[in-house]
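Undergrad: Sequence:
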Amino acid sequence: MIELPDPLDQAPTRDILHHYVDEGIFNRPTMKRALQLSGFTPTAQAWVRFFNLILLVLGAGLAVCGVYFFFAFNWASMHRFAKLGLVEGALLISIVAALWYGLERIQGKILLMVSACLVGALMALFGQIYQTGADAYTLFLNWALVITGLAIAGNFAPLWLLWWGLWNLTIVLYYDQTSDFRNTNDLFVLLLFNALIFALAEGLRQRKLAWLQTNWLHRVLGLGLLWVLSLISNNFVDTVFSYGSDKPSIALFLLYSLALVMLGLMGAYHYFVTFDGLLALASLGTICFFVDCWLFEWLSYDSGATFLFGGMIILGQTVVSILWVRQRQQLLGGHA
Numbered sequence: 005m006i007e008l009p010d011p012l013d014q015a016p017t018r019d020i021l022h023h024y025v026d027e028g029i030f031n032r033p034t035m036k037r038a039l040q041l042s043g044f045t046p047t048a049q050a051w052v053r054f055f056n057l058i059l060l061v062l063g064a065g066l067a068v069c070g071v072y073f074f075f076a077f078n079w080a081s082m083h084r085f086a087k088l089g090l091v092e093g094a095l096l097i098s099i100v101a102a103l104w105y106g107l108e109r110i111q112g113k114i115l116l117m118v119s120a121c122l123v124g125a126l127m128a129l130f131g132q133i134y135q136t137g138a139d140a141y142t143l144f145l146n147w148a149l150v151i152t153g154l155a156i157a158g159n160f161a162p163l164w165l166l167w168w169g170l171w172n173l174t175i176v177l178y179y180d181q182t183s184d185f186r187n188t189n190d191l192f193v194l195l196l197f198n199a200l201i202f203a204l205a206e207g208l209r210q211r212k213l214a215w216l217q218t219n220w221l222h223r224v225l226g227l228g229l230l231w232v233l234s235l236i237s238n239n240f241v242d243t244v245f246s247y248g249s250d251k252p253s254i255a256l257f258l259l260y261s262l263a264l265v266m267l268g269l270m271g272a273y274h275y276f277v278t279f280d281g282l283l284a285l286a287s288l289g290t291i292c293f294f295v296d297c298w299l300f301e302w303l304s305y306d307s308g309a310t311f312l313f314g315g316m317i318i319l320g321q322t323v324v325s326i327l328w329v330r331q332r333q334q335l336l337g338g339h340a
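Reading the sequence shown from the start, the letters are residues 5 to 340 in my numbering.
Any given hint might turn out to be false.
Here are the in silico distance ranges between beta carbons for each label pair [stated by the list, open to error]:
(1) Val277 / Val176: 40 to 46 Å
(2) Ala157 / Thr310: 39 to 45 Å
(3) Gln217 / Leu196: 56 to 62 Å
(4) Thr182 / Arg53: 46 to 52 Å
(5) Ser183 / Phe130: 33 to 39 Å
(6) Gln217 / Ser81: 45 to 51 Å
(7) Tyr275 / Ser183: 50 to 56 Å
(8) Ser81 / Thr182: 33 to 39 Å
(9) Gly169 / Leu103: 40 to 46 Å
(10) Glu108 / Ala86: 32 to 38 Å
(11) Leu303 / Leu269: 25 to 31 Å
(12) Gln331 / Trp215: 30 to 36 Å
With a straight-line cut-off of 20 Å between C-alpha atoms, the simulated SDA-like cross-links for lysine to any residue are [unchecked claim]:
(13) Lys87 / Phe74
(14) Lys212 / Ala157
(15) Lys87 / Ala157
Source of the hints: derived by calculation from the structure; they are not laboratory data. Quantities reported herein were computed from a predicted structural model and do not represent experimental measurements. Cβ atoms here follow ideal geometry from the backbone N, Cα and C, with glycine treated the same way.
Could you build all of it, start to finish, from the sequences and the hints given here?
TA: Here it is as structure tokens:
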């Protein structure tokens with residue numbers, strides 16, 4: 005049985021504060037002050053920090069985009085040594101600047117992110133100049149390997165997200181070029197990789213690592229894992245109901261069973277261990293997708309009533325899922 009926290013020990017929510025106003029416990033000036041003290045209304049210093057960060061991120065992003073588009077526009081008129089020299093110089097400057105600011109400061113971390121992006125530009129530039137003939141996946145593989153050290157040194161969530169995305173691209177492109185389209189090895193490797201990364205991130209997050217306490221990173225990783233589970237479900241059901249094709253192989257059946265176990269573990273984790281409204285809702289949506297894949301394949305597509313019935317089912321599932329997540333979020337004292 006889950007032990008619920010004492011409401012008096014919890015931080016106030018916006019709904020509770022508005023309830024106090026409706027009951028006449030707070031007046032409007034008191035409500036405004038309560039929102040400021042609770043952190044719902046940002047202070048002037050908070051706005052300054054926000055705009056400083058936004059402008060810094062935009063500046064770094066535009067600088068990286070400028071490097072890419074500069075070479076795209078001036079490709080034919082530049083010597084290959086000039087191209088390599090400019091990218092290597094920009095990479096060296098960004099790394100030195102990151103070390104000068106310090107990797108513990110946000111300026112240094114963003115400059116390290118710029119360096120990681122320029123590593124990819126340098127590798128792509130080298131491959132285009134010398135026409136190495138390497139497969140597309142090797143670019144992302146080498147890029148991910150090189151920036152692993154930068155990610156470890158920076159402990160910066162966006163940099164790790166770039167690393168995660170590069171590895172997913174590597175896996176997809178590798179099996180796209182080297183394997184038969186009926187082979188399920190790519191889905192199996194994607195499932196293991198994303199499950200391992202999500203479990204590792206959650207484990208380190210529970211150990212209170214500062215750079216992992218941001219909410220968005222583990223949500224993106226969780227959504228990535230759920231997306232892979234959805235692909236596996238769609239692949240398996242399509243194979244089962246595909247006319248004139250072979251029945252699902254043992255490997256595909258085991259992969260589907262593993263996906264079911266993984267989905268159950270993820271749902272249990274977000275119910276019993278830690279509750280995240282977005283991931284809980286996404287997990288419920290994935291469970292509904294698993295069920296609906298079978299349901300809609302069994303139904304006939306020849307009748308318009310099928311689409312009406314299916315739409316009503318999806319609408320009902322969505323409403324029930326949202327209501328359940330909101331109720332549980334409010335029960336635990338969080339934001340709905």
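Undergrad: It remains to establish, for every hint, whether it holds in the given structure.
TA: For each hint, the structure was consulted:
| no. | hint | result |
| --- | --- | --- |
| 1 | Val277 / Val176: 40 to 46 Å | 30 Å, violated |
| 2 | Ala157 / Thr310: 39 to 45 Å | 56 Å, violated |
| 3 | Gln217 / Leu196: 56 to 62 Å | 26 Å, violated |
| 4 | Thr182 / Arg53: 46 to 52 Å | 48 Å, holds |
| 5 | Ser183 / Phe130: 33 to 39 Å | 27 Å, violated |
| 6 | Gln217 / Ser81: 45 to 51 Å | 48 Å, holds |
| 7 | Tyr275 / Ser183: 50 to 56 Å | 36 Å, violated |
| 8 | Ser81 / Thr182: 33 to 39 Å | 37 Å, holds |
| 9 | Gly169 / Leu103: 40 to 46 Å | 25 Å, violated |
| 10 | Glu108 / Ala86: 32 to 38 Å | 36 Å, holds |
| 11 | Leu303 / Leu269: 25 to 31 Å | 30 Å, holds |
| 12 | Gln331 / Trp215: 30 to 36 Å | 32 Å, holds |
| 13 | Lys87 / Phe74 | 10 Å, holds |
| 14 | Lys212 / Ala157 | 18 Å, holds |
| 15 | Lys87 / Ala157 | 28 Å, violated |
Of the numbered hints given earlier, the model fails hints 1, 2, 3, 5, 7, 9 and 15; all others are met.
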